[in-house]
Amino acid sequence: MQEKNRGLGLFTLLVFLFLLGPLLIISVTSFEGGNILKFPPEELSLRWYENIFHVEMFLVAFKTSILVSLGGNLLALLLGVPAAYALSRVEFKGKSVINAVFVSPILVPGIVLGFAFLRYIVGTYQLPIYAALFVGHTVIMLPFIIRVISSSLSNFDFSIEEAAESLGASKLGTFFTVVLPNIKSGILAAVMIAFLESFNNVDISVYMTGPGVSTFPIQMLTYVENYFDPTISAISVLLMFITAFFMFMVERLMGLSYFTKR
Amino acid sequence: MALFTLQDISVAYNKQNILKDFNLEIEKGKLVSLLGPSGCGKTTTLRLIAGFLKANEGKFLFKDKDYTKVPVNKRNFGFVFQNYALFPHLSIFDNIAFGLRLRKNSKAEIEKKVMNVLEIVNLKGFEKRYPQELSGGQKQRVAIARALVIEPDILLFDEPLSNLDANLRVNMRVEIRRIQQELGITTVYVSHDQEECFSISDQVAIMNKGVIEQLSDPATIYKYPETKFVADFIGFKNFIDFDERTDTGGKIELSKSGYSFVLDKDARMFNHAGKIGAIRPDDLLIREKGDAGAVQENSLSGRVKVSTYLGRSYQYVVETPIGDFIVNKEMTESYRMGQEIILEIPRNQMVLVD
Ligand SMILES: Nc1ncnc2c1ncn2[C@@H]1O[C@H](COP(=O)(O)OP(=O)(O)OP(=O)(O)O)[C@@H](O)[C@H]1O
Ligand SMILES: [Mg+2]
Chain Z
19 MQEKNRGLGL
29 FTLLVFLFLL
39 GPLLIISVTS
49 FEGGNILKFP
59 PEELSLRWYE
69 NIFHVEMFLV
79 AFKTSILVSL
89 GGNLLALLLG
99 VPAAYALSRV
109 EFKGKSVINA
119 VFVSPILVPG
129 IVLGFAFLRY
139 IVGTYQLPIY
149 AALFVGHTVI
159 MLPFIIRVIS
169 SSLSNFDFSI
179 EEAAESLGAS
189 KLGTFFTVVL
199 PNIKSGILAA
209 VMIAFLESFN
219 NVDISVYMTG
229 PGVSTFPIQM
239 LTYVENYFDP
249 TISAISVLLM
259 FITAFFMFMV
269 ERLMGLSYFT
279 KR
Chain G
-4 MALFTLQDIS
6 VAYNKQNILK
16 DFNLEIEKGK
26 LVSLLGPSGC
36 GKTTTLRLIA
46 GFLKANEGKF
56 LFKDKDYTKV
66 PVNKRNFGFV
76 FQNYALFPHL
86 SIFDNIAFGL
96 RLRKNSKAEI
106 EKKVMNVLEI
116 VNLKGFEKRY
126 PQELSGGQKQ
136 RVAIARALVI
146 EPDILLFDEP
156 LSNLDANLRV
166 NMRVEIRRIQ
176 QELGITTVYV
186 SHDQEECFSI
196 SDQVAIMNKG
206 VIEQLSDPAT
216 IYKYPETKFV
226 ADFIGFKNFI
236 DFDERTDTGG
246 KIELSKSGYS
256 FVLDKDARMF
266 NHAGKIGAIR
276 PDDLLIREKG
286 DAGAVQENSL
296 SGRVKVSTYL
306 GRSYQYVVET
316 PIGDFIVNKE
326 MTESYRMGQE
336 IILEIPRNQM
346 VLVD
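Residue numbers (this note's numbering), protein chains in the order written: chain Z, 19 to 280; chain G, -4 to 349.
Hints should not be assumed to be uniformly reliable.
Calculated cross-link-like contacts (lysine-lysine; reagent style DSSO-like; alpha-carbon spacing at most 30 Å) [as the list claims (entries may be wrong)]:
{"no.": "1", "chain 1": "Z", "residue 1": "K189", "chain 2": "G", "residue 2": "K49"}
{"no.": "2", "chain 1": "G", "residue 1": "K60", "chain 2": "Z", "residue 2": "K189"}
{"no.": "3", "chain 1": "Z", "residue 1": "K189", "chain 2": "G", "residue 2": "K102"}
{"no.": "4", "chain 1": "G", "residue 1": "K10", "chain 2": "Z", "residue 2": "K113"}
{"no.": "5", "chain 1": "G", "residue 1": "K25", "chain 2": "G", "residue 2": "K204"}
{"no.": "6", "chain 1": "Z", "residue 1": "K111", "chain 2": "G", "residue 2": "K60"}
{"no.": "7", "chain 1": "Z", "residue 1": "K202", "chain 2": "G", "residue 2": "K10"}
{"no.": "8", "chain 1": "G", "residue 1": "K246", "chain 2": "Z", "residue 2": "K189"}
{"no.": "9", "chain 1": "Z", "residue 1": "K189", "chain 2": "G", "residue 2": "K69"}
{"no.": "10", "chain 1": "Z", "residue 1": "K202", "chain 2": "G", "residue 2": "K99"}
{"no.": "11", "chain 1": "Z", "residue 1": "K189", "chain 2": "G", "residue 2": "K223"}
{"no.": "12", "chain 1": "G", "residue 1": "K300", "chain 2": "Z", "residue 2": "K189"}
{"no.": "13", "chain 1": "G", "residue 1": "K102", "chain 2": "G", "residue 2": "K123"}
{"no.": "14", "chain 1": "Z", "residue 1": "K111", "chain 2": "G", "residue 2": "K108"}
Derived DEER-like restraints, expressed as beta-carbon distance ranges [as the list claims (entries may be wrong)]:
{"no.": "15", "chain 1": "G", "residue 1": "T215", "chain 2": "Z", "residue 2": "F176", "range": "37 to 43 Å"}
{"no.": "16", "chain 1": "G", "residue 1": "P66", "chain 2": "Z", "residue 2": "A104", "range": "44 to 50 Å"}
{"no.": "17", "chain 1": "Z", "residue 1": "I260", "chain 2": "G", "residue 2": "Q127", "range": "50 to 56 Å"}
{"no.": "18", "chain 1": "Z", "residue 1": "L37", "chain 2": "G", "residue 2": "G120", "range": "54 to 60 Å"}
{"no.": "19", "chain 1": "Z", "residue 1": "F266", "chain 2": "G", "residue 2": "L56", "range": "57 to 63 Å"}
{"no.": "20", "chain 1": "Z", "residue 1": "S172", "chain 2": "G", "residue 2": "E52", "range": "51 to 57 Å"}
{"no.": "21", "chain 1": "G", "residue 1": "G120", "chain 2": "Z", "residue 2": "L35", "range": "55 to 61 Å"}
{"no.": "22", "chain 1": "Z", "residue 1": "S172", "chain 2": "G", "residue 2": "T215", "range": "43 to 49 Å"}
{"no.": "23", "chain 1": "Z", "residue 1": "V108", "chain 2": "G", "residue 2": "E52", "range": "58 to 64 Å"}
Keep in mind that the hints were calculated from the coordinates and are not lab data. Glycine included, each C-beta is placed from N, C-alpha and C at the ideal position.
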């Protein structure tokens, strides 16, 4: 019994090391004082963190990413909230089909989806790169928005809508005064999850960036191809922290149950 | 004059009729309850009155105006839900003020009306709390207050007490009746608890499969059910399907398989052509088979088939030549299984139904 437990503990430790090891190494290398990325670092400093803010292309790409993620988020919300509402409130024929369509971008490999976007948004419709990015990211975020808000609506008691109507509220008024305030935290969580999904996206963005326009992760790729200094490690650490913070917020808002059950 | 009328209403879900040619008239100031088994269409009727549901056919008249197509939010009817349906994101004050704000009442007016209604439902001092911070009974009172405060023309209740425990149920129903009478609000009350309906209603409508079988005051229904369904529903467990019925003077003569019975003719049953006799287990008499002299009137000889202990009384299933009867009898005397006895139908306790 005792023996078995020790074996299990060792195994768990190995799995942890395997999962977290690379992240640990990257974190450590980000504090490198020299010019070349290596492990273990020879001297410690924060200079590469500082360097992030001196590299022009990172600043530009960061701005692009923020704009695209926030703008796309807004558009995805405008489409996603009514869609999620309709999907959970109204019974209609073909509902499951529509549901599947909305969720499909999660199921289709991003690299395929990105290619399709390249073909149609950039190719056929000749949208400028910015607009293409914007549309592409809206599509990436929409299924997350719809799924998170739907899960929040599934706990919503629709009889309170009827209560509001019986007290004199119109259908639209009911939506704004009764439904929205009660799914507020769901919406906030949806926005954050979608933002992360979009901000960290590589496989779709990579098709829709071009000369002079790049999202942050794409810019990181470009950078790694050309430079070998530890700036990337520093950025990675920052990104991990930002993501962790967002996930923590989402967890507080909705509970992580969203990720573990369908 | 009726305050509102449901006229030849039909409602169907998936092409299946739930209500068919449904008619109901309710007078101003009355509390009418809809009582019936699960699935008989009580909620459907209530939701139709509220406007949540559209009828396929028929009309809904309110104060003689056609209200059939008036949307819910223009009707000014209050609805109290089974699960309370309070707004979780609003305080008790704001829950109750919800309808008043939509009616563009001034701030001072809202304050006054909310406080007033909180006093009516005995919830003064709770206005700053949130629904999650109240007990079931308190929530239900907030729900009632919220519906009352808009001064509704009709108040609709859908099993408002079914989530409360037995004691609270009794208190709340008295409360509901008190408020309803104090304010004189026309009310439709749905429940499947017979005692609850009977105790608070001016009139009770017994529903069966989308049809009102009988609409009368509680005492009349209790004593004089008109159909077999109603009789069965309110506890007349014994039925005799008579072969013949002859009305003579003050009596009704009946026969079944050669056995004849006589009932006193009650004014209420006068025109009734029904031939099914119905009687409650409590109203049947049994006694020991004596020396079997002359066979008495309305009596049958029988045998105790099953005997069950009910606490205050015994319940017997008695086998007779015209079928089995269920009889309740006080504890004082008891009969053995298999014992031969005499069963008597008192001449003024049986009713005749369709
Ligand atoms: N949305 C719906 N779709 C299909 N059928 C429905 C719907 N709502 C109700 N029904 C059916 O209509 C019938 C009447 O339902 P209703 O809710 O009026 O019954 P009820 O008398 O209120 O019963 P209970 O005492 O169980 O609440 C039932 O047979 C029910 O199955
Ligand atoms: Mg019901």
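Now the hints, each set against the structure:
{"no.": "1", "hint": "Z:K189 x G:K49", "verdict": "holds, 16 Å"}
{"no.": "2", "hint": "G:K60 x Z:K189", "verdict": "holds, 24 Å"}
{"no.": "3", "hint": "Z:K189 x G:K102", "verdict": "holds, 24 Å"}
{"no.": "4", "hint": "G:K10 x Z:K113", "verdict": "holds, 21 Å"}
{"no.": "5", "hint": "G:K25 x G:K204", "verdict": "holds, 24 Å"}
{"no.": "6", "hint": "Z:K111 x G:K60", "verdict": "violated, 36 Å"}
{"no.": "7", "hint": "Z:K202 x G:K10", "verdict": "violated, 38 Å"}
{"no.": "8", "hint": "G:K246 x Z:K189", "verdict": "violated, 62 Å"}
{"no.": "9", "hint": "Z:K189 x G:K69", "verdict": "holds, 12 Å"}
{"no.": "10", "hint": "Z:K202 x G:K99", "verdict": "holds, 26 Å"}
{"no.": "11", "hint": "Z:K189 x G:K223", "verdict": "violated, 44 Å"}
{"no.": "12", "hint": "G:K300 x Z:K189", "verdict": "violated, 62 Å"}
{"no.": "13", "hint": "G:K102 x G:K123", "verdict": "holds, 16 Å"}
{"no.": "14", "hint": "Z:K111 x G:K108", "verdict": "violated, 46 Å"}
{"no.": "15", "hint": "G:T215 x Z:F176: 37 to 43 Å", "verdict": "holds, 39 Å"}
{"no.": "16", "hint": "G:P66 x Z:A104: 44 to 50 Å", "verdict": "violated, 20 Å"}
{"no.": "17", "hint": "Z:I260 x G:Q127: 50 to 56 Å", "verdict": "violated, 34 Å"}
{"no.": "18", "hint": "Z:L37 x G:G120: 54 to 60 Å", "verdict": "holds, 55 Å"}
{"no.": "19", "hint": "Z:F266 x G:L56: 57 to 63 Å", "verdict": "holds, 59 Å"}
{"no.": "20", "hint": "Z:S172 x G:E52: 51 to 57 Å", "verdict": "violated, 35 Å"}
{"no.": "21", "hint": "G:G120 x Z:L35: 55 to 61 Å", "verdict": "holds, 59 Å"}
{"no.": "22", "hint": "Z:S172 x G:T215: 43 to 49 Å", "verdict": "holds, 47 Å"}
{"no.": "23", "hint": "Z:V108 x G:E52: 58 to 64 Å", "verdict": "violated, 24 Å"}
Comparing the model with each numbered hint stated earlier shows that hints 6, 7, 8, 11, 12, 14, 16, 17, 20 and 23 do not hold.
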